[in-house]
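Q: Kindly generate the complete structure, drawing on both the sequences and the hints.
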Amino acid sequence: MTLKFYNSLTRKKEAFAPIHEGHVNMYVCGPTVYDHPHIGHAKSYVSFDVIVRYLRYLGYKVRYVQNITDVGHLTDNADTGEDKILKRAQRERLEPAELVEIYTRSYFEDMDALNNVRPNISPRAKAHIPEQIELVERLIEKGYAYVSNSSVYFDVNKFKEYGKLSGRKQEELEAGARIEINPEKKNPSDFALWKKAEPAHIMRWNSPWGEGFPGWHLECSAMSMKYLGQTLDIHGGGLENTFPHHECEIAQSEAATDLPFVRYWIHNNMVTVNGQKMGKSLGNFITLKDAFKKYHPLTIRFFILTTHYRSPLDFSDEALDAANRGLERLHNTITNLRERLHQTKEGSTSGDIYEKLEHYKKTFLEAMDEDINTPSAIAVLFDLSKEVNSLLNSSQAINKKCLEDIDKLYQELGGDILGIIEPKPKPLATTFSFGWQVEDKTPDDIMKVLIDTRNELRKTKQWQLSDFIRNKLSEIGITLDDKSDGTTWKKIK
RNA sequence: GGCGGCUUCGCCAAGUGGACUAAGGCCACGGUUUGCAAAACCGUUAUCCUGGGUUCGAAUCCCAGAGCCGCCUCCA
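Okay, so the first sequence: first residue is 41 according to this note's numbering, each after it adds one.
A few of these clues could be false.
[Unchecked claim] Mimicking DSS-like on lysine-lysine, the simulated pairs with C-alpha atoms at most 30 angstroms apart in a straight line are:
1) 531 - 488
2) 530 - 488
3) 440 - 530
4) 530 - 448
5) 499 - 385
6) 236 - 182
7) 204 - 317
8) 488 - 501
9) 209 - 44
10) 236 - 124
11) 166 - 127
12) 401 - 385
13) 488 - 333
14) 426 - 401
15) 426 - 334
16) 198 - 266
17) 53 - 209
18) 488 - 441
19) 101 - 402
20) 124 - 166
21) 523 - 426
22) 531 - 448
[To be verified] Distance ranges between label pairs, derived from CB positions:
23) 441 - 134: 52 to 60 angstroms
24) 519 - 451: 22 to 30 angstroms
25) 96 - 251: 37 to 45 angstroms
26) 483 - 372: 19 to 27 angstroms
27) 44 - 456: 15 to 23 angstroms
28) 271 - 333: 39 to 47 angstroms
29) 250 - 131: 26 to 34 angstroms
30) 44 - 439: 34 to 42 angstroms
31) 133 - 445: 57 to 65 angstroms
32) 333 - 135: 25 to 33 angstroms
33) 299 - 441: 46 to 54 angstroms
34) 283 - 481: 50 to 58 angstroms
35) 271 - 52: 18 to 26 angstroms
Calculated from the structure, these hints are not laboratory results. Beta carbons are placed, not taken as given, at the ideal position from N, Cα and C, and that holds for glycine.
A: Laid out in structure tokens, this is it:
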């Protein structure tokens, strides 16, 4: 079994092999922190999170770097226009540094909720200005960049391979009507490495070319190479950034080092909302904080993973509801499994369950190996659940060890790799008036009293009253399940 | 205008030359189980946008057409 990735650079699925055996250096374009993260961020970072998790599962030591863009970039590729962070900071009457801090925290908060493993390093662009300046200087020295009116531009004509990632040719780009002519540039498709700051521009740094700020492609090159070396194993990002962003990163980096910048380019597809493109400028994006009010973060995570990362994902209430039911089905099996485990003593297991477990595991891993085919992998989890449910419902003897092994398999596949199964049910928490969340067994105890009372009624066939209790609880979102071995309850969000 | 992608059951979504009389989920219907439910299990539901072609064999490759979408300003 070999892990394969679809490499955007070669447009082929390729077997994965890192430069240094056992180690993977991976960089993913992070967010610009000027607003709350939205579901597009969720798709992107959940997708890459699963890739990181899977690589680690396979035994690789992964260094995962994801930048935080806290320097505003201009709203226009002609290198004119407004700075998003500045604009937003002015609107909210905050220091840019304050604004960026608020949304950086918001970002981590939401990513944590989605159960994404944090990157090993989250470098801030603002904290790496010297590295960026150094890279620009190197490019000037090597003749790939030129200074013009206190700004520095990359001379695209000097880098013959410009366009190799996006499949664009120089001539076509120049013919493109949308590139505005900037008289400072030699060539319309030259891009800014360093921009001169106009007097009104607050975020500015000293540089050999005067006060200014870095061009928007620069930080990724500078920071990724600083922490991961001159050639990265994997660089990930959104499809929409293939051009110009990633193309420019390649140009800058390879011109500076004369080495391949990235071995595997991985691009994830976009989110649409009810069939429509979701974009910042369209203003139709759904923030995660809003989405979480309606759906459990793990439901959103699961939903994202039911579509392949290279396919577009359409976000709709119907689809989310369906995902919610599906995930619930999976969680039901695990809940039942753990309840059974709780009650089971040592003993013997009959049948060939282990053979089956091996089969499901193998099929699951094969799906993951095929360019991280999470939809297929999830299908295997459902097949496994059908098997486990049947087993639990049957009269077949199962011992504790066997149940533990099944639980462990779910932990590995659904937990460690996909991150859609929590290790243990979260303890119940109660919020007191002063805001602390405290573990509290009271709800459990109250539920036990209610359930016991109802079961007394059921014993004496007082169905009307027992149904009354169940219906009333259902109205407040608590479901009772009468099983052969007792009644359980759960609260549905 | 240039470049790229998509079209699979009512809905979502895998599959990219032969075990496909097409995975899985949701929904629906029938059954088992249940005091009734819930959960669970069993069963039922597609020939793969259209038209040509290549091949012993195509959802999968090629050509043409239709529809949808993305990138070529910012965006994950």
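Q: Decide, hint by hint, whether the structure agrees.
A: Going through the hints against the structure:
Proposed proximity of residue 531 and residue 488 is supported: the alpha carbons are some 14 angstroms apart, at most 30 angstroms. With a CA separation close to 12 angstroms, the supplied pair residue 530 and residue 488 stays within the 30 angstroms bound. At roughly 24 angstroms between alpha-carbon atoms, residue 440 and residue 530 fall within 30 angstroms of each other, so this suggested pair holds. Between residue 530 and residue 448 the CA atoms are separated by roughly 23 angstroms; this keeps the pair inside 30 angstroms, and the hint holds.
In summary, the hint linking residue 499 to residue 385 is supported, as the alpha carbons are separated by about 28 angstroms, within the 30 angstroms threshold. Taken as a hint, the residue 236 and residue 182 pair is honoured in the structure, with Cα atoms around 21 angstroms apart against an allowance of 30 angstroms. Between residue 204 and residue 317 the alpha-carbon distance is near 26 angstroms, which keeps this suggested pair within the 30 angstroms criterion. Distance hint between residue 488 and residue 501 is fulfilled; the C-alpha atoms sit about 19 angstroms from each other, no more than 30 angstroms.
Of the pairs offered as hints, the one joining residue 209 and residue 44 holds, with about 29 angstroms between alpha carbons and a cut-off of 30 angstroms not exceeded. Of the supplied pair hints, the one linking residue 236 and residue 124 holds, its CA atoms being roughly 17 angstroms apart against a limit of 30 angstroms. Our distance criterion of 30 angstroms between C-alpha atoms is met by residue 166 and residue 127, whose separation comes to about 17 angstroms. Of the supplied pair hints, the one linking residue 401 and residue 385 holds, its CA atoms being roughly 26 angstroms apart against a limit of 30 angstroms.
Restraint check for residue 488 and residue 333: the C-alpha separation of about 29 angstroms stays at or below 30 angstroms, so the hint holds. With a CA separation close to 14 angstroms, the supplied pair residue 426 and residue 401 stays within the 30 angstroms bound. Distance check on the hinted pair: residue 426 and residue 334 sit about 28 angstroms apart at the alpha-carbon level, within 30 angstroms; holds. Pair hint residue 198 plus residue 266 holds up; C-alpha atoms about 24 angstroms apart against a cutoff of 30 angstroms.
Of the supplied pair hints, the one linking residue 53 and residue 209 holds, its CA atoms being roughly 24 angstroms apart against a limit of 30 angstroms. Distance check on the hinted pair: residue 488 and residue 441 sit about 29 angstroms apart at the alpha-carbon level, within 30 angstroms; holds. The straight-line distance between the Cα atoms of residue 101 and residue 402 is roughly 22 angstroms, inside the 30 angstroms bound, and the hint therefore holds. In summary, the hint linking residue 124 to residue 166 is supported, as the alpha carbons are separated by about 15 angstroms, within the 30 angstroms threshold.
Our distance criterion of 30 angstroms between C-alpha atoms is met by residue 523 and residue 426, whose separation comes to about 18 angstroms. A C-alpha spacing of about 25 angstroms is found between residue 531 and residue 448, which places the hinted pair at or below 30 angstroms, so the restraint holds. For the pair residue 441 and residue 134, the beta carbons lie near 58 angstroms from each other, so the given range of 52 to 60 angstroms is met. Judged by the Cβ atoms, the range 22 to 30 angstroms given for residue 519 and residue 451 holds: they are separated by roughly 25 angstroms.
Distance hint check for residue 96 and residue 251: the Cβ-Cβ separation is about 43 angstroms, which falls inside the suggested range of 37 to 45 angstroms. Between residue 483 and residue 372 the beta carbons are some 20 angstroms apart, a value that agrees with the proposed interval 19 to 27 angstroms. Residue 44 and residue 456 have their C-beta atoms about 20 angstroms apart, which keeps the hinted 15 to 23 angstroms range intact. Restraint check, residue 271 to residue 333: a C-beta distance of roughly 43 angstroms satisfies the suggested window 39 to 47 angstroms.
Against the hinted window of 26 to 34 angstroms, the Cβ-Cβ separation of residue 250 and residue 131 comes to about 28 angstroms, which satisfies the hint. The hint said 34 to 42 angstroms for the Cβ distance between residue 44 and residue 439, and at roughly 38 angstroms that hint holds. Separation of residue 133 from residue 445 is about 58 angstroms and conforms to the stated range, judged on CB atoms against 57 to 65 angstroms. Between residue 333 and residue 135, the C-beta spacing of about 29 angstroms keeps the proposed range 25 to 33 angstroms intact.
Distance hint for residue 299 and residue 441: a CB-CB separation of about 52 angstroms, consistent with the stated range 46 to 54 angstroms. Checked against the given bound of 50 to 58 angstroms, the beta carbons of residue 283 and residue 481, roughly 57 angstroms apart, stay inside it. A C-beta distance of roughly 19 angstroms is found between residue 271 and residue 52, which places it inside the suggested range of 18 to 26 angstroms.
When held up to the earlier numbered hints, the structure conflicts with none and fits them all.
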